[in-house]
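Colleague: Protein chains in written order, with our numbering: chain Z, 1 to 107; chain Y, 1 to 633; chain X, 1 to 484.
Hints listed in this document are in silico derivations from the structure and should not be mistaken for laboratory results.
Just to be clear, a hint being listed does not mean it is correct.
[Claimed, not checked] Coverage of chain X stretches by chain Y, computed from C-beta distances (three or more under 8 Å per stretch; other residues unrestricted):
no., segment
1, 277-291
2, 312-321
3, 353-364
4, 379-389
5, 417-425
6, 428-437
7, 457-467
Every residue, glycine too, gets a C-beta built ideally from N, C-alpha and C.
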Amino acid sequence: MNLLQPVGVVSFMALSAVLFSLGLYGAMSRKSTVMVLMSLELMANAVNINLVALSRFTAPVEMTGQFFAVFSMVVSAAEIGLGLALVLALYRQRQTIELDAMQELEG
Amino acid sequence: MGYIIAIPLLPAIAFAIMAPLSNKARNRAVPVSVAAVVIALGLSVAAFLAVWPGGHGEALYHSSATFATIGTVKLAAGILLDPISATMVVVVTLVGAAVQIYSIGYMHRDRRIGWYYAALSLFTAAMLLLVLSDNFLQLYMAWEVMGLCSYLLIGFWHEQEGPRKASIKAFLTTRVGDVGFALGLAVMYVTAGSFDFSVVLHDFAWAPGAATAVALLLLFGAMGKSAQVPLHVWLPDAMAGPTPASALIHAATMVAAGVFLVARALPIFEASGVALTVTMLVGVTTALVGGLLASVQHDIKKVLAYSTISQLGYMFIALGAGGLVAGFYHLVTHAFFKSLLFLGAGVIIHAAHTQDMREMGGLAKKMPVTTVTFTIGSLALAGIFPFSGFWSKDEILTVLWHGEHYIVFALALATAFVTAFYVARMWFRVFTGPEQTSGLKEAHLEMLVPMGVLAAVTTVIGFGSPYFAEFLGHDGEWPAAAIALTSTAVAGLGLALGWWAYGRRSQVLNTRPLKIRAGWVYSALSQKLYFDLTYDYFIVGGYTRLAEALSGFDRTVVDGIVNGSAAIWRTASAVGESIDRVVIDGFVNGTATLVRALGARVRRIQTGRVQSYQGLMLAALVLLMLWFVVKGA
Amino acid sequence: MLLSAIVFLPLAGALVSALLPKERAGAARWIAAAVTAVDLALVAWLLLGFDVAGGMQFIENREWITQAGIQYHLGVDGISLSMLLLSALLSLIAVIASWKQETKLGAYFAMLMLLEVGMNGVFLALDFVLFYVFWELVLVPMYFLIGTWGGPRREYASIKFFLYTLFGSVFMLVGIIALYLQGGTFDITALTGMGFPATFQWWVFAAFFLGFAVKVPVFPLHTWLPDAHVEAPTAASVLLAGIMLKMGTYGFIRIALPILPNAAEQWSGFIAALAVISIVYGAALAFAQTDLKKLVAYSSVSHMGFVMLGIASLTPEGINGAIAVMFSHGVVTGMLFLLVGMVYERTHTRVIEDVSGLSVQVPVAAGLLAFASFASLGLPGLSGFVGEFLSLLGAWKSAIPAAWVVVAAVGVLLAAAYTLRMVQRVVLGTPSKAVEGISDLSVREVVLLVPLVALTLGVGIYWDSLLRYVDPAVRATLALMGGS
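Chain Z on its own, in the form it takes in the complex (with noise of 0.2 Å):
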């Protein structure tokens, strides 16, 4: 692999796919709370990343990707802002944010 060649679409996407694999690992393996919220930003930055570059590659006038990144951010800091309010109310009332104490919905 030539590192000295241009930065291009796939470097892009790889940094991506590894930044979303990262997150989904933690998503699914971590027993606190609030890192699984981390690794859900993860994912969602991941998606980012993605959204922009392929914007900038393939159709850098429209701009759809940044406004899409730029949304999709807002949103993450929305959710990321109620999920710790939830997580914080859990505490209070359980003093764990351990994810295995909560299996109030198993069927």
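With the hints as your guide, set chains Y and X onto chain Z.
Modeller: Showing chains Y and X alone in chain Z's frame:
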């Protein structure tokens, strides 16, 4: 003559005023009732005097008003004043006034005296309406109202069992007769088309068959009211009521209403012929049975009650022999002397605190006025000259002799003998012998005066007998000497026997000569000849058992059919339901079971862990991607 | 318009009272009292304008369902007038008697008023369809009155009542349809005197007989009556015995006799036999009862037997007597049920053995109960006597065998037996445990009974106060039959 209507109306108004009052106010309203009957007495005397000189059986005053219209038939209520009714109103109001005044003293301690007077007033009104009526329907209606009053007064002391039972017995027994009366009215209406005396007794030509039917049915009614055998059983029990009420209702007036009815309807009886014979037979049986039963009673009121039955039988004998005057005259004299005896008995009971003659004795010394009046009444009842009973009884015997009813004549004489015997038995037991009660004293004035008046009437009224016959429109004669002597001799023998058995050794108490000498006769008589027992067992008991059996029948059979058909329907629907359950529900339930079984398996993947869901989602995503890859999208 | 107003005014009252909000339900009492009182006033006004000799009057006749020839046809004659008066009066009394009702007031009073609509309608309708509608309408509120506000076995009683009477009226409907197919109209007056063939008449009469006889009720179709009465609340008992039973006998007089005269003559022997059995059987059963309400219920069977006897006689005396018994029985039995209800409210028992000595403890109630009892046993001077006596006269005059009439007359004696036994135990004697300490009637309760007492006395003493209205109508009915 319009004031005649006021005679029955006054006591009726007194009742209407008193009945709705409260008990206390009613007790204070007693003078209303007394005033009404006294004024009615005055009017009655005026009416009687208006009729008296004209006399000869003609009606002097008649007025009527329609109260019901059915098709072309008009039913009217009316007032008819003729010699019979004129005499009766005087009898009723005189005895009524005497009893009401007497009761002021007799009942003054009772806390329901007002109600007592109200009932007396209603009774007087009904009786007056009855004697003044111009048709049989009105007579019947008044008749029934009297029955109600009798019921109310017999059961006046209803807190006790005895009066309660006696009152219901009296009402029902007389009503047995009333069923006959009502049917008689129906036959009369269908045959003659009217209830009016003018039509039924004068204008209509009776066929013997119809006349017999009507007459016998009316007679049956009269037998109930006048306590004739076999419907006599209620009268002795009726003595459970207050004594003055017994004097008015069960001695002088109401029980005589049956005699009055037969006397009024005599033309129908004569048209029948057979009915007259039956009347005479009923009368003679009753006269003898009543007299014999009176001879074994120990209760002074029951002696008088059986004596009343016996004397009423005498009146029926006379009417059965066609002797209207004799029968009716005996009714009048009997009303006076029997009410006199009852009022005297009331005083005696008050003084001696018992009704049992075995516990009385020696009253003559302490109660002179009562003794005199009671003796006058007793002699009149026994038929001793010159007291009223002598005259009327002799007229009856004369009628029988002239009618050639010799057997009945003999039996009537025998009755006279028995009558004299039990009168003597009663008199000696009560008035002679040793005193058994302390504190005997004479009654108050308001009780003595009525007795005095009745005693005076009893003493003098007999001498009017021939005029009375003329007054009623028949030929009047003095009694034949031979018959008078015979009857007096027989009565004297009876009195003598009574004295011999009860008066001679009156210091020996509780003697029962009859029981010692003729035990089986005595026991039959003391069991009232088994009438009451028979009725109780077969009629009252039988009906009660029948009613209960029918009640069971209704529940099990009649209602059972209904419930049974409901049960059949229920069974049918149960069968339908099981088909429903097995086939249709089976299909539905099967589906449900299947779903549930599947669910039990699927639920295992529902762990409740977020991360296992994530894993599933990932797996699903991978599979989906694989699908697109393989398919080559 | 007057008749329509009389019939439908209570309907308006029922609607208003049913729609009252829950917290205002107490107003239903006043609405019901006002409506029934106005209705009674309207009937009184009708009475004033009524022409005794005028036959059917105040007629309203409009097209209703033109395609089927069904008309809205109302009219009143002396017979229906007497029943209408009874219905309006007893409805008002029933409302006031229910003053202390507490549960579901709006619905309760709505049902009472709805009942009045049906009863008034039955007595005024002159069209078969209209008649049938009102006839069935009566069942519904009565079913709910017994089933909702009744005693412990109310469900059994109300269902039994409903099915029994429905069973009868289905046959009546068959009869009505048969008459329509044969006569071509539903108009009752038009169908009279049409002279249908004898066999046809016989069968149609049979159908009507079943319909009416259940309602009367005639032995052996009577067993719904005691159950219904025992479970029904007082007001419903009053209306049931006072008016609904009369609907059956009214049907015989208004419909069966004039439309089917030949059949009526053929059936009269059978009806008379059943009537006599009802008289004696009802009296015997009343004698055996231990429950006051059951006693009065069985006595109704006995008294209604006199009505049927009078009708079966087909004579002016008998039918006048039948209507007089209907009227008197309505008044007197109404009184008895009211009094039994009042006693029950205080002592909480209806067992005859447990209640005694009322006259000592509560003289007013006892006096009125005794009065009603004597009126019921047919004491002359009170209304009960008038009809029973006339029925017997009519029966004797007719072709009914004399022996049966004698048995019926014995029924009068039996009536005295069960009534007096009740009076002896309940009214007389010393107060029993249940009676001790109870209070006498209130002013409201006495006011309730006074008009009934006055009617009992008035009709009993001056018979024409009732018969002057009834007799011309009876003669007209018999004239339509072509007899007498």
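Colleague: Which hint numbers doesn't this structure obey?
Modeller: none
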